[in-house]
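Note that the protein sequences, when read in sequence, are chains A and B. Each residue of the first sequence is one higher than the one before, starting from 1 at the first, in the working numbering. Each residue of the second sequence is one higher than the one before, starting from 401 at the first, in the working numbering.
I should point out that these hints are in silico values taken from the structure, not numbers from a laboratory. Hints should not be assumed to be uniformly reliable.
Unchecked claim - Straight-line alpha carbon distances no greater than 30 Å define the calculated BS3-like cross-link-like pairs of lysine-lysine that follow: (1) B:467 <-> B:507; (2) A:298 <-> B:769; (3) B:751 <-> B:741; (4) A:139 <-> B:859; (5) B:556 <-> B:467; (6) B:859 <-> B:741.
Unchecked claim - Here are the computed distance ranges between Cβ atoms for each label pair: (7) A:237 <-> B:792: 16 to 26 Å; (8) B:874 <-> A:142: 48 to 58 Å; (9) B:847 <-> A:142: 34 to 44 Å; (10) A:8 <-> B:839: 22 to 32 Å; (11) B:874 <-> A:8: 24 to 34 Å; (12) B:883 <-> A:375: 50 to 60 Å; (13) B:859 <-> A:142: 27 to 37 Å.
Glycine residues also receive a C-beta, built at the ideal position from the N, C-alpha and C atoms.
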Amino acid sequence: MARPHVSGFLDKFVRPLVAGGELHIGAPIPTPDVDRWESELPHASVELVAVDDARTSVLSTLVVRPPALVLERDDLALAAGLHNALFLVHPRAERWSVSDRQRRRIIDNALSLVSQPLTRSRTRVMARHALLHNLFHLKRNDIVVSWWTGRARFQGQKPSARLTAWPSVRRVREDITVVDFDELLAVPDTAPIVATLLRRTPLTQLLDSHPGAPPLHWEDAVFLLRDAELARAIAYRLVPDVQPREQVVGPARLAAAFEQMLERAPEEADVRAVTAFLVHLSALYALGEIHLREINAKSPLISTVLAAEAAGQRPRGLTTLFALPGALATVDPRLATPPGIESIPALAARWRIHRAQTAELLSDAVIDALAQRLRRHLKGERRDPSEVVALPTRETESRT
Amino acid sequence: MALEHVAQGQTRFFTPGVAPDPRGILLGRYCLMTFPTLEGAVSWLRLYSAEASLDELMAHLTLTKAKTALGSREIVIQIPAVSSYAADRAARLARLVGGAIYTGTSKHFVKFRDDRSPYGYDAVDIGAMPASTDFMVHGDEFAQGYVREGELPFAKLLFRLSIRRIPGADQLAAEDRGELYLAVAHGLSEGIIRYLWRNRVEAQAGLFTPRSSSAFDEQRRGYMLIRARALPERILALFLGTPGIDVFKPAGANAAVAVGYEHPIDLASCSSVFPPDTFHVFWPNDRVDVLPGPLTLSDIGDLTRVDLELDKPRDPAQHGGGAAEPIGVELRLAAAMGPPKRVVATLIETKHADRLKRMLFALPPVSLKGHRVAVTDRGILVVGSENLDVIPLGQLMCELTPGLLVPLGMDIVPRVSPEVLARALGHQGGVVTVFTNDNHPFQIPESAFTTLERRALAKMPTDKAESIDYAAEPTAEAQVVNDAVGRFALWGFPDAPDRKLLPSGDK
Numbered sequence: 001m002a003r004p005h006v007s008g009f010l011d012k013f014v015r016p017l018v019a020g021g022e023l024h025i026g027a028p029i030p031t032p033d034v035d036r037w038e039s040e041l042p043h044a045s046v047e048l049v050a051v052d053d054a055r056t057s058v059l060s061t062l063v064v065r066p067p068a069l070v071l072e073r074d075d076l077a078l079a080a081g082l083h084n085a086l087f088l089v090h091p092r093a094e095r096w097s098v099s100d101r102q103r104r105r106i107i108d109n110a111l112s113l114v115s116q117p118l119t120r121s122r123t124r125v126m127a128r129h130a131l132l133h134n135l136f137h138l139k140r141n142d143i144v145v146s147w148w149t150g151r152a153r154f155q156g157q158k159p160s161a162r163l164t165a166w167p168s169v170r171r172v173r174e175d176i177t178v179v180d181f182d183e184l185l186a187v188p189d190t191a192p193i194v195a196t197l198l199r200r201t202p203l204t205q206l207l208d209s210h211p212g213a214p215p216l217h218w219e220d221a222v223f224l225l226r227d228a229e230l231a232r233a234i235a236y237r238l239v240p241d242v243q244p245r246e247q248v249v250g251p252a253r254l255a256a257a258f259e260q261m262l263e264r265a266p267e268e269a270d271v272r273a274v275t276a277f278l279v280h281l282s283a284l285y286a287l288g289e290i291h292l293r294e295i296n297a298k299s300p301l302i303s304t305v306l307a308a309e310a311a312g313q314r315p316r317g318l319t320t321l322f323a324l325p326g327a328l329a330t331v332d333p334r335l336a337t338p339p340g341i342e343s344i345p346a347l348a349a350r351w352r353i354h355r356a357q358t359a360e361l362l363s364d365a366v367i368d369a370l371a372q373r374l375r376r377h378l379k380g381e382r383r384d385p386s387e388v389v390a391l392p393t394r395e396t397e398s399r400t
Numbered sequence: 401m402a403l404e405h406v407a408q409g410q411t412r413f414f415t416p417g418v419a420p421d422p423r424g425i426l427l428g429r430y431c432l433m434t435f436p437t438l439e440g441a442v443s444w445l446r447l448y449s450a451e452a453s454l455d456e457l458m459a460h461l462t463l464t465k466a467k468t469a470l471g472s473r474e475i476v477i478q479i480p481a482v483s484s485y486a487a488d489r490a491a492r493l494a495r496l497v498g499g500a501i502y503t504g505t506s507k508h509f510v511k512f513r514d515d516r517s518p519y520g521y522d523a524v525d526i527g528a529m530p531a532s533t534d535f536m537v538h539g540d541e542f543a544q545g546y547v548r549e550g551e552l553p554f555a556k557l558l559f560r561l562s563i564r565r566i567p568g569a570d571q572l573a574a575e576d577r578g579e580l581y582l583a584v585a586h587g588l589s590e591g592i593i594r595y596l597w598r599n600r601v602e603a604q605a606g607l608f609t610p611r612s613s614s615a616f617d618e619q620r621r622g623y624m625l626i627r628a629r630a631l632p633e634r635i636l637a638l639f640l641g642t643p644g645i646d647v648f649k650p651a652g653a654n655a656a657v658a659v660g661y662e663h664p665i666d667l668a669s670c671s672s673v674f675p676p677d678t679f680h681v682f683w684p685n686d687r688v689d690v691l692p693g694p695l696t697l698s699d700i701g702d703l704t705r706v707d708l709e710l711d712k713p714r715d716p717a718q719h720g721g722g723a724a725e726p727i728g729v730e731l732r733l734a735a736a737m738g739p740p741k742r743v744v745a746t747l748i749e750t751k752h753a754d755r756l757k758r759m760l761f762a763l764p765p766v767s768l769k770g771h772r773v774a775v776t777d778r779g780i781l782v783v784g785s786e787n788l789d790v791i792p793l794g795q796l797m798c799e800l801t802p803g804l805l806v807p808l809g810m811d812i813v814p815r816v817s818p819e820v821l822a823r824a825l826g827h828q829g830g831v832v833t834v835f836t837n838d839n840h841p842f843q844i845p846e847s848a849f850t851t852l853e854r855r856a857l858a859k860m861p862t863d864k865a866e867s868i869d870y871a872a873e874p875t876a877e878a879q880v881v882n883d884a885v886g887r888f889a890l891w892g893f894p895d896a897p898d899r900k901l902l903p904s905g906d907k
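Bound-form chain A, shown alone:
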């Protein structure tokens, strides 16, 4: 049997994965093939350029000047690992003839492919995000064809023409069910592969998510918050200009991950970075309301999402998100208010109204409990930045 060439994989799987289209899932890809494909990459420049162009297009909405991207082996391995994970939900892999041992072998292979080194390189993180940004939006059309004497199910496959022929005479009916991330990549066999894969692309996890996806591990992603452009892109993607309930979904997810982070033993600098980021998200909510007709009116967003009658429907982390500035005011006031907020009087006014409204809707016990948890991590007395950059005094000059 002819060995598959990397150009076919790039054209049929990688490019649709990035730019959208039909991702063709074939036989599982063994690791030696991926090694061989690395050497074949220079001979698939057309497909390679198409993939890289598509990745640049994806990044064009994130950063002003997307970096030059070249598909490398680790990208190829991540894509191959995802392909193998998707093969596990291929109808061929669910036949009786496929033994558990064979499935285990495919899972191990996929895990080894996606277990690429973690990275903090800006370009590599962006390249991986561009490759996998569609991960949570993969879908498959399952078609159930029923006719007068029977029925057949086609998972991501086109029914044969003989089954759909003479539709009125044979009373052919096609029912299409759209299967998404939950049933493709959140099933027991694929979930560990996807969890491993997502740790390799923290930008994707920050920007996007799915209820069935593994939670964010803030320690893997906090370094992105130190890149101002990426942090801004993440913040603005998380607070879109939509309905209040949809506007808080992303930040609440990150706040829930922050709650989990506080249960571990993160570095204090990481906790500070994440808290500052979450407080900045709260400031964006206030910024969106500075053009309200009545500047002293209560926030419609907070009234909607923190309403006492809808307390049971609050997404996880929402309480922490809104309680954080109040809790930080008692733990470390410098983190409690975003810097520069006082320079815009309307924004400062909205910020104060938000805080007062939040304190009113959330009980003091909630804020105090969060403050207690934060105190365990924010121990060190940070030096005031003005001290760090202060000009040397006359005494120090004479000493030197």
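With chain A fixed as given, assemble chain B onto it according to the hints.
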């Protein structure tokens, strides 16, 4: 003979045919006024017509010559008692001209009320009336029977009365000159018409010959009657002093009286006397012409002389039609005089596009709400509903009329109305017209505008600014398709490499 004062609320009376009116005043169906002379009767008519309309009395107004049993003659005017108010006026005027007034219905008339008896009088001893008596009046101290000698028709009286010259009445005020009639002798008519037409006096003219009721009447010559509107004072003075031209002022719809004269009785108050198919012209010296009415007149503009030269016929010349030669005024921008207008847009030069992109990526989406952008080769036009100050770039623009943008602080001269300006520029709905400082306006269709967000300028290279279409295509949905892999796809699938050999640590 005795009269009793009628008391307030009294309902029963000795006098037949009388009853209290709503005010409690005794009133019959008619009022009867006796005058010793005809002049008295005419004076009463004259006074009454000046104060109120005689038309309302005309239906039952009769003038009768009556004779008493002693042979004295009196003129009796009988009018319908329309109301006690009309009767009060008639009584006041009758006493003023030396007459007496009574009220009743058929034969017995009792004295009408006066100051001594505000509710009127009732005759308490009405006896049998002599057979030769037509009607009887009951006064304070007497009861007088009358015999009718003859009727005097009001219309006849009206035409027998001479109009009188009023000093200074030929000086007409502007409102009195609103409509005047000119009786012009035949020989003058053409000249007068031309004169009026030349002086732009609105006028209509008709040729009339007065009706004659008898073959023995003096045959009057016809004349041209001209109805002139708003005749200037100087022309009126000219006509009044010109022999052969007589000027008449309308008195009601069907009569006209010579200017400077007045009929003793106000003709307008008794217009029902004149038959509707007649028009009466009251000349000086007791002449009354009856013309067929209503007057049918023609515009004098159509009566001016026409000169025909049939021996030199001229065919109408053919001229090629063409569009009117346009009169062009160059539109240009000038400093605006009025207060500054609201900034609604900014035009950013293409060379500053990368700055806009960087700014766009630095701004939160909530700040850009309501902003739209269109990228052209003349620059990037950002239009905002409000709060455009978040983009401190480019030439700020304000709106003259919806969709017509000019630089802030500038106005378009010549200052014409926005509608005229839009028409001149071909500006219409669905198009945005932008005036730039270099006086080369350009237009962009509304469809070229997209929401200002990262996606709108995502493909813009930050070092070049030549492309036009920068919008990123929406990402297509990624869909898993399972290919047929054959029966032996898993044959020979190797074990995973030893995971301990995996590279570790950050790259």
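Each hint tested on the structure:
For the proposed pair residue 467 of chain B and residue 507 of chain B, the alpha carbon gap of about 15 Å is at most 30 Å, so the pair holds. With a C-alpha separation of about 20 Å, the suggested pairing of residue 298 of chain A with residue 769 of chain B holds against the 30 Å cut-off. Pair hint residue 751 of chain B plus residue 741 of chain B holds up; C-alpha atoms about 27 Å apart against a cutoff of 30 Å. Between residue 139 of chain A and residue 859 of chain B, the direct Cα distance comes to roughly 27 Å. Compliance with the 30 Å bound is thereby established for this hinted pair.
A threshold of 30 Å between alpha carbons decides the hint, and for residue 556 of chain B with residue 467 of chain B the separation of about 21 Å falls inside it, so the pair holds. In summary, the hint linking residue 859 of chain B to residue 741 of chain B is not supported, as the alpha carbons are separated by about 34 Å, beyond the 30 Å threshold. Distance hint check: the CB atoms of residue 237 of chain A and residue 792 of chain B are about 25 Å apart, consistent with the given range 16 to 26 Å. The hint said 48 to 58 Å for the Cβ distance between residue 874 of chain B and residue 142 of chain A, and at roughly 25 Å that hint is violated.
Between residue 847 of chain B and residue 142 of chain A, the C-beta spacing of about 39 Å keeps the proposed range 34 to 44 Å intact. At roughly 59 Å, the beta-carbon separation of residue 8 of chain A and residue 839 of chain B lies outside the given 22 to 32 Å, and the hint is violated. The hinted range of 24 to 34 Å is satisfied by residue 874 of chain B and residue 8 of chain A, whose Cβ atoms lie roughly 27 Å apart. Here the CB-CB span from residue 883 of chain B to residue 375 of chain A is close to 57 Å, well matched to the stated 50 to 60 Å.
Look at residue 859 of chain B against residue 142 of chain A: about 36 Å separates their beta carbons, and that is inside 27 to 37 Å.
The earlier numbered hints that this structure contradicts are 6, 8, 10.
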